[in-house]
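Note that the protein sequences, when read in sequence, are chains A and B. Per our numbering, the first sequence starts with residue 34, numbered consecutively. Per our numbering, the second sequence starts with residue 34, numbered consecutively.
Keep in mind that the hints were calculated from the coordinates and are not lab data.
A pair holds if it fits inside one copy or across any two, identical chains being indistinguishable in the list.
Calculated pairs, EDC-like style, for lysine to aspartate or glutamate (alpha carbon to alpha carbon, straight line, at most 16 angstroms):
#1 K129 with D118
#2 K281 with E250
#3 K281 with E171
#4 K154 with E361
#5 K231 with E108
#6 K289 with E171
#7 K225 with E108
#8 K286 with E171
Protein chains: 2
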Amino acid sequence: MLTNLTIALDMMGGDYGPRSSIPAAVNAVNANANLRLILCGNEQVISKELESLDSLSHPRLIIRHCSQVVTNSCEPSSAVRSKKDSSMRVALDLVKSGEAQACVSSGNTGALLFMAHYVLKMLPGVKRPALISAVPTERKNPVYLLDLGANVHCDAQTLYQFGIMGSVVAEQALGCDNPKVSLLNIGSEDIKGHEDIKQAAQLMQQCSYLNYTGYSEGSDIFTGKSDVIVCEGFVGNVALKTCEGIAKLIMFKLTKALRKHFFYKCLAFMLRPVIKKLYKRVNPDQYNGASLVGLRGIVVKSHGNASPKAFYAAIDEAAREVERQLPEKIAAIFEQTHSTKKVATDD
Amino acid sequence: MLTNLTIALDMMGGDYGPRSSIPAAVNAVNANANLRLILCGNEQVISKELESLDSLSHPRLIIRHCSQVVTNSCEPSSAVRSKKDSSMRVALDLVKSGEAQACVSSGNTGALLFMAHYVLKMLPGVKRPALISAVPTERKNPVYLLDLGANVHCDAQTLYQFGIMGSVVAEQALGCDNPKVSLLNIGSEDIKGHEDIKQAAQLMQQCSYLNYTGYSEGSDIFTGKSDVIVCEGFVGNVALKTCEGIAKLIMFKLTKALRKHFFYKCLAFMLRPVIKKLYKRVNPDQYNGASLVGLRGIVVKSHGNASPKAFYAAIDEAAREVERQLPEKIAAIFEQTHSTKKVATDD
Numbered sequence: 034m035l036t037n038l039t040i041a042l043d044m045m046g047g048d049y050g051p052r053s054s055i056p057a058a059v060n061a062v063n064a065n066a067n068l069r070l071i072l073c074g075n076e077q078v079i080s081k082e083l084e085s086l087d088s089l090s091h092p093r094l095i096i097r098h099c100s101q102v103v104t105n106s107c108e109p110s111s112a113v114r115s116k117k118d119s120s121m122r123v124a125l126d127l128v129k130s131g132e133a134q135a136c137v138s139s140g141n142t143g144a145l146l147f148m149a150h151y152v153l154k155m156l157p158g159v160k161r162p163a164l165i166s167a168v169p170t171e172r173k174n175p176v177y178l179l180d181l182g183a184n185v186h187c188d189a190q191t192l193y194q195f196g197i198m199g200s201v202v203a204e205q206a207l208g209c210d211n212p213k214v215s216l217l218n219i220g221s222e223d224i225k226g227h228e229d230i231k232q233a234a235q236l237m238q239q240c241s242y243l244n245y246t247g248y249s250e251g252s253d254i255f256t257g258k259s260d261v262i263v264c265e266g267f268v269g270n271v272a273l274k275t276c277e278g279i280a281k282l283i284m285f286k287l288t289k290a291l292r293k294h295f296f297y298k299c300l301a302f303m304l305r306p307v308i309k310k311l312y313k314r315v316n317p318d319q320y321n322g323a324s325l326v327g328l329r330g331i332v333v334k335s336h337g338n339a340s341p342k343a344f345y346a347a348i349d350e351a352a353r354e355v356e357r358q359l360p361e362k363i364a365a366i367f368e369q370t371h372s373t374k375k376v377a378t379d380d
Numbered sequence: 034m035l036t037n038l039t040i041a042l043d044m045m046g047g048d049y050g051p052r053s054s055i056p057a058a059v060n061a062v063n064a065n066a067n068l069r070l071i072l073c074g075n076e077q078v079i080s081k082e083l084e085s086l087d088s089l090s091h092p093r094l095i096i097r098h099c100s101q102v103v104t105n106s107c108e109p110s111s112a113v114r115s116k117k118d119s120s121m122r123v124a125l126d127l128v129k130s131g132e133a134q135a136c137v138s139s140g141n142t143g144a145l146l147f148m149a150h151y152v153l154k155m156l157p158g159v160k161r162p163a164l165i166s167a168v169p170t171e172r173k174n175p176v177y178l179l180d181l182g183a184n185v186h187c188d189a190q191t192l193y194q195f196g197i198m199g200s201v202v203a204e205q206a207l208g209c210d211n212p213k214v215s216l217l218n219i220g221s222e223d224i225k226g227h228e229d230i231k232q233a234a235q236l237m238q239q240c241s242y243l244n245y246t247g248y249s250e251g252s253d254i255f256t257g258k259s260d261v262i263v264c265e266g267f268v269g270n271v272a273l274k275t276c277e278g279i280a281k282l283i284m285f286k287l288t289k290a291l292r293k294h295f296f297y298k299c300l301a302f303m304l305r306p307v308i309k310k311l312y313k314r315v316n317p318d319q320y321n322g323a324s325l326v327g328l329r330g331i332v333v334k335s336h337g338n339a340s341p342k343a344f345y346a347a348i349d350e351a352a353r354e355v356e357r358q359l360p361e362k363i364a365a366i367f368e369q370t371h372s373t374k375k376v377a378t379d380d
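Excised from the complex, chain A in its bound form (with noise of 0.2 angstroms):
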């Protein structure tokens, strides 16, 4: 474990703001204690928040003071120009300058891109950065989704650097040798799928260091037949939040169904906690942060209505991935497999 760990977070993201923010940074200094916050957004509302929780003079709780927000309106390029002391903007700027180590926000996710890639930018040989997150799976291990939004159209490189990045991740997080990657498509067959799926397809196969194991469909997600699953943002946007929402809706089918008869009403009483611990599980947006890989740094983006408990997983997820050094890996693999690659294409 790091002795030295700090990160900066969005304090004013999300659809909550500081109500979910500052209890989550409370509770994780309080979990880990080498871990440092910068709590960047309006001095004032932090430290109101701070003192209901009587951590206002928490010594690793540190405030740093913005006079702006980026709304969730607001363009992505807008923010970039004029909300530079914006809270998103200051904690993307500890990361540049090495205060801090990673940052966290629930904010506007477009704008978190833009800025974060203006900000940091790209690893060298990187195109573009991707939102990944696990999901779970019908085995132990969770499958690594990307990307999740960062770019709604992606080209077929870009699609295999995302197979590339996905599988350093997967490798680090789960501690296993040659993950297997797959493309999302809408068919398993060769045939199935666009252009720049079956370029991409060609890409993976042809790179030394992927376990390329062909096509996955919507439904394959799950199974855990993939530890990285591939795919342009706007889609796996799509699929992560309709997992989001056929999640919410099983639950209330089955609550409601549970209702009907009094014996169904004793059984739901008897089940809740099955339900409960069910349902955290199958809804993984709500439970897990998001990380924006292929930067020099650290960012990782919680729900836009993330409850404190999400947001503490999101800074949970950050610190894990300082120790495990994401980017120095993801960088060091790129330029072994990259340049490869970049022969192999040009020829």
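Take the given structure of chain A and dock chain B to it, following the hints.
Using the frame of chain A, we list chain B on its own:
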């Protein structure tokens, strides 16, 4: 109810072929005294299966021998050229000639789409056919999701036309005026998504026939806020199959959790009917046919691994669409709306 209803079935498609389609056909004619089915496929195989169900001489089950089968690996364009005596093609030809009022297949989706397009042709003014299916929601009514994989990419005009077709389907199926139509996107704000979606949103907003209600995210699909949700085929296919996958995962995790202790084992036993019923409801792909809309004829696509029950549901869906005269209704609305729209977009 129609007194004379003939539906052509492609008996050889899907993972189970006649083992699934024959029991479904026998059940369908037994359940509906007005229904005649033309069973297209290998006569010997069909006869044998019918005999095993004591239905070889059923007066409303007519075998039409076909010497070819369209396999899952068959390229759509080559299927059209070289599979003229396939069960899929013959079933479509029967709709074209008027011998049947609809057809059902669980075969290769790409080939079915390409062949149906080639044989039946588009309705006047419709650019592309779409696959549409009902998906369950938290409310009483389902939501109609399209396109589910007929078109990998769609431009703005195509998405807009899907909105109109989806609206007609929902209007007829739900018996409601002005169904609420939305576009699937990666955020609800106007700035989100790609250019085609933004332009489609404008076209839908300007259309007096449509009750366009804005963007939906993946998590909104099941809330029942919209009656129709429009997206391109790649995204719709992934979303639907993701539903299928997560429904299976949740049932798997729930059953596993319930089996851990003796107490929960007993609960699981008592809960079995509730869980089974729930699974049927939340796994739309398995229990509903998806319809191909926009063509001059009714084509229902059953799931590739359709059980007899699922194939039966698809026959039932085809019968309902014949009663509702769906292609005629779509054509009428298109004539009225599309001509107005064309003038508007030409300005």
